[in-house]
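> Listed below, chain by chain, are the residues.
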Amino acid sequence: MDIIGISINHRTSTIELREKLHLLKNDIVEIIPQMKQSLFSEGFILSTCNRTEVFGLPTNNNIDYAQIINFISEIKGIPALESKNFEKYFSCSAVKHIFRVCTGLDSLILGDSQILGQSKEAFQISEENGFANTSFKRLFDASLKAGKRAINESHIGEGAVTVSFAAVQVIEKIFADLSSKSALVIGAGETGELAAVHLNDKGVTDLTIANRTFSKAEKLATKLNARTMSFQSIKDNMNKFDIIVSATSSPDYILDKKDIKAAIKKRKGAPVCLMDIALPRDIDPESAKIDNVFYHDIDSLNIIVEENLQKRKSEIPIVDRIIMDEMVHFFSWHNTLDIVPTIKSFREFFEELRIDELKKIKHKLDDEEFKKVEDMTRRLIGRILHNPTLKLRNLAESGENIEDLTNYTLLLNDLFILNGKNKNENESNKKQVISG
Amino acid sequence: MINTIDFLNYLLPVLYLGAFSVYLYNFISEKKNFEHSKRLALFITLLVHCIYLAMRTFEFNHPPITNRYEIFTVLAFSITCSYFLLELLTDIRGTGLFILPFALVFQAISSLYITESYVVKDVLRNNLLGLHVMSALLGYAGFTISAVHGVLFLMLYKKLKGSNFGLIFKKMPSLETLEKLSFSSVVIGFTLLTIAILIGGFWLPSAFPNFKYSDPKLISSALIWTIYAIGILIKYLGGWYGRKVINTTLLGFALTLLSLLLINVLGSSFHTFS
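In order, the protein sequence lines correspond to chains V and L. Sequential numbering of the first sequence, starting at 714, is according to our numbering. Sequential numbering of the second sequence, starting at 181, is according to our numbering.
Simulated from the structure, these hints should not be mistaken for laboratory data. A couple of the hints might just be wrong.
Listed below are several chain V residues computed to face chain L (Cβ distance under 8 Å; list not exhaustive) [unchecked claim]:
id, residue
1, Glu885
2, Lys886
3, Ile887
4, Ala889
5, Lys981
6, Ala1001
7, Phe1007
8, His1009
9, Ile1016
10, Ile1017
11, Glu1019
C-beta: ideal position from N, C-alpha, C; glycine also.
Only chain L is shown next, with the shape it has when bound in the complex:
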């Protein structure tokens, strides 16, 4: 089984690259070439990814959330799966090209550095941890999808203002749709992050003896949560439209990325598992 896992590990970036290429070709093509094939390509990639994650779970006897590179592959899956569901539900197919690179990068880094980890801390086999991590990752996937749609909104806004009727104008859905997709993704992401924080808040102190509320990762998560909460409140209470809302969500996403980068790569925390 380990050979198959290894094979799938290296196959996945290739599949993501393939799916991305089909989306790219479809986007730049004047005609509606590969309109259905690109969805099929993404479905096959997701299916293989799902099999890969299941095999890792069974082989190593723990969910693949025990180190950074396992998290990365689950994050790639979460982003792709969330986008795929969004595409199926809304039938808006023009934005996938801009979301898939995130999944591709996370999966490529994971495939390069991931290791076989049979022995892990007991705490990492806890079901609550699985729920905590999965909801956090799906939350971040929501924020990523929201940010991509936000950037696309700003691009289309600029093109419309400047009477530039190129590819972005032709292939993107309406501004209103992009705003809705971005905001809905934020709300879903925010809800999931809230669940993750709640589980973490109740369970982490009992699971980790060196737990402290001043931990940088907890502070950054709280900060991210607060920014998104303010953004959502302003939208609902202040009746904000368009660019203002999008800029707030993009600020939230930029902070998310920054905190992930600083805390996970440079900082030290009890909140590491490897």
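Chain V with its partners taken away, still in its complex shape:
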């Protein structure tokens, strides 16, 4: 398969450059017609905050990686993108890379399952905009299947692998029903936002955001349908919260042991969960000694993250096997594309002979006799061609003896002079037969 593509990801470039190259759905829809004109007959663009992937079947043999990079460079208005910021893939390696992306093996967070949904969306955009025909549709199906199998047949996506998610997992071990709990997130930066999103996802409806810059807190609160609280009133009101997650860049403690002791007293001993995911820490670690106070900082949460990461890493061989399995299936199907025109010509050659011979005897037989002879010859040709056709198909599907397959194809072409006919077969014809 002559698929060619480039990938810009966390290995090849900085987050700033990846952000600059990020393409929204509307951008992709606009780009596709231009891409069809100058680069690919079919293909897809996958763009997330962490990666942009551009893959396709070149319209001619002169298309190379530099042209694809230049195309992206022009579209995004970023001059002189360096080649080293892109990974380049061709044929088998391209297919393998797409499968790795869909299974989360290529993600910044190993086993990230979000990428499968994002890939599905990218494939849909491609199909809806007429940028995918038989080959790419099949490639999309195989990629999504590999991604789904990775989720179902391995534990690659299990366990918290970010500190914020690990914090939520610990909270779930303390409280049974998060929907009945109140939570305060201090800090509306990236980490605080992630923690707030996780809490929201886990059903915490009574969510409050506090931030030194109040407008930032308001922005995040609006996004998550949460409430806000002024930074100065945290200490006075912290007793109202069952869960407190702190993720600010404050150089000093925001809450010390005395504050927490006072809050617990006001809470009549009801448990409180303090997740300090800031560096330097926001909450006095001594507060962990207070009864019914569950205090965790980055170090303790990292124990969970590291353990889960190791577990995910141990699942890589399973996902690799899934990828290999799906690649074998995909290329088995793809290999049959090359043999189809030969088989078709071969069978047509015999069919023409049969019709020719039938014509010669038609006037010597009555209708009933002619029908019998016609049926008999059809059956005869069918039986003669059955084994060679099957053998050729099996050889193509297995993909193991490409040399044998080539020899057989050449032999057939030579023996039955099929070459001239084959040359006339166009690519679309070949695809129609297969898809049919």
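Got chain V; can you put chain L on it based on the hints?
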């Protein structure tokens, strides 16, 4: 029939051990192996136990509550049955491993020492006695289940405080759930024990000529009842949380065990039936 009863008597500890092993394997396994099989294993054990108890009742023409070892097998059944219902109702499957050893030990002792008792005192055929004993045993089963969940609560509490995210952290439900399970079991156990004490209080004086209120077994039962009553009241009225409540229930359970051990094994009482 007696041969079948004998066979089931020795089969039961094996079945309990089997069910316990499946729960143990499932607990220590990283993956969710035998998640459903362990429930099936426990159901089969309970079914066989139920058949065994029914056969004993029909064969010996009295409920199996006439001596210590019959009581033990009913207690094993009560604990397992209560836990099984709890597992079905809450779908919390991680705590069975810690409850089954109690049933296994009671059943093993019963299987070793139980005898065929065709002749029993008339009083032991009384329906009120059956109700009295069954409610007491189910009450004690409730206390056992509560204590196990209480201990698990304390273990998980310690692990969470110490940032130790091992098997207990992974396999246990939340602290809040363990506290709820422990407290609910206590309330159910306490209610059943109250019923047992009430029936006993009204019926025992007329059934036993040598009845006296100063009997050690009655005093210990009253003491156990009082401790659990105080614990429940404190929880409701004092708004206690977590460790304090759990410690009270564990104190109640420790006293229960102590009184059962001292009174049943060492003491003398009119309240013995064998």
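> Name the hints, by number, that the structure is in violation of.
Violated hint (a single one): 11; every other hint is consistent with the structure.
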